[in-house]
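*Asks:* So the chains spell out like this:
There are 2 protein chains.
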Amino acid sequence: MKELEKLMEHTIGRVNINLRHSGIDVGPYLRDMAPVDNLLKFYAFYGIWSNHPIHFHFSRSNLAGSYFLGRCKVDNSILYKCDIRGDELKEKGETFDVDGTTLTVEDDEVIWIKNSLLIKTLVHNFSHNPEKLELFLIKNSASAPYANIHGSPVEGCFLEPFSTVDLTSLHDCRIGTYTYVNVGYLSHKEVESGRVWIKHNDDFEFNYLFDNDVLRNRYIAFEPGKGAMGMFMDFAEDRKIDFQRLYDVVNLDSPVKEIPRGASINRYSVWKGKNNISENVLVSQRAYLESASLGPGANAQENCYISFSNLAGYNVTAHGATIIYANMGKKCFVGFNSFLQGKPECQLTTGDECIVMPHTIMDLSEPVNIPGRHLVWGYIRTQADLEENSISLERLSKIKDGIEMGNMRFTGNGEAFVNAFRHRIDHILEANGAFFDGESGRGHAQKGQNISFNIIQPYPRGPLKGLYPTIDIEP
Amino acid sequence: MKELEKLMEHTIGRVNINLRHSGIDVGPYLRDMAPVDNLLKFYAFYGIWSNHPIHFHFSRSNLAGSYFLGRCKVDNSILYKCDIRGDELKEKGETFDVDGTTLTVEDDEVIWIKNSLLIKTLVHNFSHNPEKLELFLIKNSASAPYANIHGSPVEGCFLEPFSTVDLTSLHDCRIGTYTYVNVGYLSHKEVESGRVWIKHNDDFEFNYLFDNDVLRNRYIAFEPGKGAMGMFMDFAEDRKIDFQRLYDVVNLDSPVKEIPRGASINRYSVWKGKNNISENVLVSQRAYLESASLGPGANAQENCYISFSNLAGYNVTAHGATIIYANMGKKCFVGFNSFLQGKPECQLTTGDECIVMPHTIMDLSEPVNIPGRHLVWGYIRTQADLEENSISLERLSKIKDGIEMGNMRFTGNGEAFVNAFRHRIDHILEANGAFFDGESGRGHAQKGQNISFNIIQPYPRGPLKGLYPTIDIEP
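One line per chain: the protein sequences are U and Y, in this order. Heads up: the first sequence is residues 445 to 919, going by the numbering used here. Heads up: the second sequence is residues 445 to 919, going by the numbering used here.
Source of the hints: derived by calculation from the structure; they are not laboratory data. Take the hints with a grain of salt, since some may be wrong.
When chains are identical, the list treats them as one kind, so a pair holds in a single copy or across two.
Straight-line distance between alpha carbons at most 35 angstroms, and here's what the computed DSBU-like set of lysine-lysine pairs gives [stated by the list, open to error]: (1) Lys643 with Lys576; (2) Lys446 with Lys534; (3) Lys485 with Lys525; (4) Lys536 with Lys446.
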């Protein structure tokens, strides 16, 4: 056990040194979140497929319960039940446009995780740092459950529970609980809990701040020695058992006899009750469907929950988003870690092409209707809450300087903001294969149909107990 | 599929070239025995433990259904449902005594399998070739189901079904169906089917030849285009289903609530009906127990079947041996691929310390009793058959020049033969931990209690379909 404990302290020490300016000790926050027994108990696994050059390297690490796809190196780290998906990494020879300058990728990009302690964290996509095209680096960093590291290289950072760093390079930062950051670059900053912050150069800036008491008392709190608590954690905890059987067997039969053309259901997703999926639907690993209906081209991304809901088609349900008792129109987008909780008697209904901002909480105490083509954010419990928490895309597009609504402040050009979002949603649908016509438009839904999974486990005893052997895998 | 088929032809071509002096084409014998669908279907797995330095290297190979433990390299080969156990390989610095000369091992020994096609073959122990202490090489070779390669480096060889090469270096040889060879060194020879041949320098030689018609018509035949047929194959085939569920789940609970002290039951063994095991019992991977009772220190080695039988204690049931409806005394040895088939009304009973030679068939048509301290060989159906197929160890020890009994011819010194066998049985019991007293005498039974298994699978599609990625694993 000694080596594993040493490794835990090694990673904690590295994060603390990088964050010494803030005086924080991340140890008491994280030690109990990756119990040694669990680090021994859960196997890790990696995907073998032909759509991306395989290269895995694992050394002096514990990887319990983690999943790897794509090119990835892990050294001196503990990744506990993480999801590391590098199937969109840049490949050698690709070109990359940055503000008018065209850069060529010199080598296949690799995700490199070093001296880090990541817990139930999702790492995805490719590095959006144009200064290091070939390397998606996560170093001297720690993260708590249900954090998302999306296209964001992080060094010396502490990501609290349910936080998301999106398309942003971070250095020596602390990102608060349920905080969303998409600002391009951030160094030596502490971003408070419950902030939703998007900034694109001088074009626009979106800023929302949750009422901290509401967030802490009802949804998610994080304290040293106690870890993460609240409805978000309880919700995930209650559904753990449904995932267990996926991991107990080596191969699992598809829950559907005939998978619609172009659709795929990851074998590590939960399928409860009667679900309907259409053509080109993507159900990702650790997605959870219960009595859900997904129209053509809809995707259910990693760690999302969709229950008792109908999604009309071309819907994006991003990583960690939850949708319960909702009827959503076509091409609606629900961002990272959003928590949309209707009830049988308080359903959520939306028109087409709505954008639910990342980290939005809708915890309904009455039925709520959102008209089509609206942007929604923040904290919503009633229809009346929409007044301060939504705006039509049409109105937003006309804003030139800024607008304040409740806890939200928007500055800059509304049209640029709407266009950037639209562009991103189209890109996500395209990458996921939503528009596949049987020949062209192939994306994750189609590529994901044929993956094998290899299982790796740590030394069960002896001096290296809990560490995984050094493993190198190449094509 | 193309690459996998190329690999198959590559290995067949290499064996044929080495055996060109005999004019054989091994292709028609082997192609249908490793069907492409099966090569894609079954996962391979390797053990992670702390009792031996781990080093695995796999490249350009298919490993379907195979199991690896210990230091091993596989290149350009197809290993279909093989069992490669290198946990007894020599370690750097060990000394090794050869006819009075002491050799020191320079590097940790490695099993290296290259350009070979091995089917349901067991590779075990360490190379007994004193000229290459650090390398247990299997190259340009092919083997058919239930062959055993035990301590025998083989190059350019074709091993037919149920053959065993034991402590012998082989070069460009064909070893017949159900043939046992333990002669130290053999080059450019074809050993006919059904021969049991032991030779130790000029000390002694044991030679038995099965009636070829009996062997072919009833037990095991091998023909190009048709593969292996007969009772031996049917017996294994009928029990396949019992193994399947072992492979379907990632972790399997022990069939016994309290495992006796010092005993271990491999998680890939079959446990049917009510079995009893005592202290220090070893049940190896792919051993099959059904209503069996194993006294203290008994071992059930890889691929053995023990059904409706009592083994008093310190029994050795070697790789591939079958024991049905038998009551065997203490310290009885049943050699490789022996097939002892009693019936409820025709039981086999033996006294203590009997030696059943490797490749012995007892297919009883009446109850048979073998007194203690007897050597038994050949083909036995009735009590009367023992006259030409057994001898007391006492009588054998007194033989100075030789003896002929039925199809068996023994030449040389009987005492040396008996002592060599005794020494080997004691060594096997010791290595397997039969004499563990809670502190000293630790062997496989005790070391095997704590192993993790990692699972690997091939590319499911694309140009590399059916090949496993290149994998390197180090401590």
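*Asks:* Look at each hint and say if it fits the structure.
*Replies:* The hints, checked one at a time:
no. : hint               : result
1   : Lys643 with Lys576 : within (21 angstroms within a copy, 67 angstroms between copies)
2   : Lys446 with Lys534 : between (38 angstroms within a copy, 29 angstroms between copies)
3   : Lys485 with Lys525 : both (11 angstroms within a copy, 27 angstroms between copies)
4   : Lys536 with Lys446 : between (41 angstroms within a copy, 27 angstroms between copies)
In this structure, every one of the numbered hints holds.
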